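Enquirer: What follows is the residue order along each chain.
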Amino acid sequence: MNEVIAQRLANFQAGKADPISLLFFAIIVAGTLMITYWAARKTKTTSEFYAAGRSVTGFQNGLALAGDYMSAASFLGISGMVALRGYDGAIYAVGWLVGWPALMFLIAEPLRNLGKFTFADVVSSRLKNRPIRIASAVGGILVVLCYTIAQMVGAGKLIQLMFGMPYELAEILVGTVMLLYVLFGGMLATTWVQIIKAVLLLFGVTVLAGLVLFKFGFNPGNLFGAVGDMYGFETMFKPGGFVTSPIEALSLGLALMFGLLGLPHILMRFFTVPDAKEARKSVAYATSFIGYFYLVIPIVGFGAAVLVGQDFITGIDKGGNMAAPILAAALGGKPFLGFIAAVAFATILAVVAGLTLAASSAMSHDIYVSVFKKGQATEAEQVKVARIATVIFGVAAVALGILFKNQNVAFLVGLAFAIAASANFPALLLSITWKKFSTRGAVWSIIAGAVSASVCIILSPVIWVGLLGFEQAVFPLKNPAIVSMTVAFIAAFIGSVTAPEPESQEKFEQEKIRTYLGVGAE
Amino acid sequence: MNAREIVNSDRFKNLVRKRWTFSYIMLAILFVVYFGYLFLISLDKELMIKMVTPNITLGIALFVAVIVIAWVLTITYVLWANNSYDKEVEELKKMLK
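Chains as they are written, first to last, in the numbering used here: chain A, 13 to 534; chain B, 121 to 217.
Since the hints were made in silico from the structure, they are not lab data. Fair warning: this is a prediction, and the values are worked out from it, not measured in the lab. Backbone N, C-alpha and C fix where the C-beta goes; we use that ideal spot for every residue, glycine too. Check the hints yourself; a few may be wrong.
Partial list, computed: chain B residues near chain A (C-beta under 7 Å) [claimed, not checked]:
1. Ser-143
2. Met-168
3. Leu-178
4. Gly-179
5. Val-192
6. Leu-193
If you anchor each label on the Cβ, the simulated ranges turn out as follows [to be verified]:
7. Val-188(B) <-> Val-477(A): 35 to 41 Å
8. Asn-122(B) <-> Pro-286(A): 44 to 50 Å
9. Ala-185(B) <-> Phe-324(A): 31 to 37 Å
10. Ala-511(A) <-> Asn-122(B): 28 to 34 Å
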């Protein structure tokens with residue numbers, strides 16, 4: 013460690029905003045708001061509000077998907093986890109990537125061809141509209157809500173740590189700026205916010221990892237060697253308690269892989285591109301960016317462990333979330349810290365904006381327009397309802413963020429992925445691939461998946477023992493996916509066999525021309 | 121041909137079968153790679169700190185390998201779809217007119 017780093021670390025103060033980081037922060041917010049102003053003039057119809065007029069290219073959408081997916085939790089959380097716990101953080105990073113190829117192989121193209129604004133469009137396209145819409149919209153909102161609360165609480169704490177702003181004020185600030193994006197700019201502005209954020213994040217991580225590798229002669233082996241010398245190879249490179257048994261591994265892997273295929277804010281991005289070919293391209297670009305991101309993140313984490321030191325990191329924040337920003341300060345001084353802090357903030361804003369758009373589309377397009385109005389609503393009315401739904405969800409997100417302030421919400425992300433994998437994904441996959449899938453099968457599958465995932469998580473070691481303080485967990489696994497996904501598929505099978513629908517089977521055949529050739533796709 | 125005739129044609133049915141066969145093969149490879157990695161970690165933790173080169177552990181090498189393979193599978197699917205699937209789709213679409 014050289015003297016410059018030691019000097020910068022000695023000067024490092026958490027919770028103190030310096031003028032440079034505030035400047036970067038202001039530039040990013042101002043820039044994205046200008047885009048919103050530009051997008052607002054183009055956003056008049058529902059298709060423009062929810063799907064950016066289907067004008068987004070595959071490359072742009074790939075960046076936006078990456079922007080939607082790479083949250084502050086994965087940037088700061090995984091680099092911190094690697095810094096403190098070593099290899100376990102890397103195992104986690106792999107899990108966040110493997111869903112993308114699966115998304116490509118199974119649903120990306122048919123999803124684009126069959127859908128309009130939400131994934132509920134796809135599930136309900138050949139079945140009885142109302143019950144399915146309600147079930148899948150509720151499943152979708154549940155997932156988005158869990159995910160949003162986790163993001164909002166993480167965001168508040170982060171901003172508190174970085175800028176020294178009071179938690180409640182941070183929540184309101186995030187909520188307000190995010191609402192401005194979505195409310196006025198709709199999907200177009202949200203897409204551009206995601207793109208900018210993805211580019212900034214990839215750039216920031218690349219520079220950070222480059223500065224680390226520079227210290228080690230651009231040889232990762234030297235970095236790992238230094239980690240081993242400092243903390244022992246045994247401690248930092250041996251897998252710890254993250255994956256304990258094969259069955260636990262299978263369950264966690266299933267949730268991470270197929271959870272992605274049930275996340276409404278990710279799925280709705282596929283309706284912004286013109287056709288299935290562009291949808292396919294988007295996944296290819298997204299997988300490339302995200303894969304690169306997760307390959308580089310451990311370098312940042314290990315770099316922080318060696319150059320900053322674990323004691324210093326835990327001294328600032330016990331969870332290790334500040335590892336990357338401290339490393340930035342140590343290697344690049346205050347301007348670089350300001351830049352990384354601003355990128356982390358933009359990341360939070362972008363992810364929450366994407367989630368809000370997904371929730372508002374489920375509330376207004378699926379529930380209000382399709383169920384209450386039976387599809388009979390004018391363009392102007394639909395856009396108006398969409399904006400009202402956006403405000404309702406945005407306010408709820410801020411309120412819940414403040415309400416959950418002192419709770420440990422890490423399990424909520426796990427819950428969101430478990431419900432997405434068990435409630436949304438089986439129904440979506442079967443509606444695309446299984447001819448005999450019926451309305452009852454779909455509703456049962458969504459309900460069974462959501463309920464079994466939630467109940468198992470509550471009875472799992474994470475909540476039953478960790479949060480509620482009971483001696484022994486009723487459900488032995490940390491992640492319920494292996495059970496709850498099985499339950500959802502069995503429920504789909506029994507429901508479909510006991511209430512077959514010849515007319516929907518006929519429709520399934522007719523729709524094939526749209527599913528596979530894209531003829532008649534919106 | 122009208123839409124119904126296309127859907128019932130052997131050519132269309134072959135295309136659909138080919139698409140899913142290819143998808144499921146790719147998915148199967150992904151499963152073997154990813155879950156194989158997870159099983160290995162859960163069963164033999166000592167193995168993960170064996171060195172492949174000085175200072176690089178087997179665990180790190182496998183971490184990189186899984187990410188790279190997942191990416192290669194994705195790109196393989198795109199190349200296949202662009203070269204084989206899309207051509208057939210275009211021809212079937214022409215027949216519709």
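Enquirer: Holds or violated: the hint that Ser-143(B) contacts chain A, with Cβ atoms closer than 7 Å.
Expert: holds, 4 Å
Enquirer: Regarding the hint that Gly-179(B) lies at the interface with chain A, is the smallest CB-CB distance below 7 Å?
Expert: holds, 5 Å
Enquirer: The hint says 35 to 41 Å between Val-188(B) and Val-477(A); measuring C-beta to C-beta, is that right?
Expert: holds, 38 Å
Enquirer: Is the interface hint satisfied for Met-168(B)? The criterion is a beta-carbon contact with chain A at less than 7 Å.
Expert: holds, 6 Å
Enquirer: Take the shortest C-beta to C-beta distance between Val-192(B) and chain A; is it under 7 Å?
Expert: Val-192(B) check fails; min Cβ-Cβ to chain A is 9 Å, beyond 7 Å.
Enquirer: Could you check if Leu-193(B) really has its C-beta closer than 7 Å to a C-beta on chain A?
Expert: holds, 5 Å
Enquirer: Was the hint right that Leu-178(B) lines chain A, CB cutoff 7 Å?
Expert: At about 9 Å, which exceeds the 7 Å cut-off, the nearest Cβ of chain A leaves the hint on Leu-178(B) violated.
Enquirer: 31 to 37 Å was suggested as the range; check whether the CB atoms of Ala-185(B) and Phe-324(A) agree with it.
Expert: holds, 33 Å
Enquirer: Do the beta carbons of Asn-122(B) and Pro-286(A) sit within 44 to 50 Å of each other?
Expert: violated, 25 Å
Enquirer: In this structure, is the beta-carbon distance linking Ala-511(A) and Asn-122(B) contained in 28 to 34 Å?
Expert: holds, 31 Å
Of the numbered hints stated above, those contradicted by the structure are hints 3, 5, 8, listed in ascending order.
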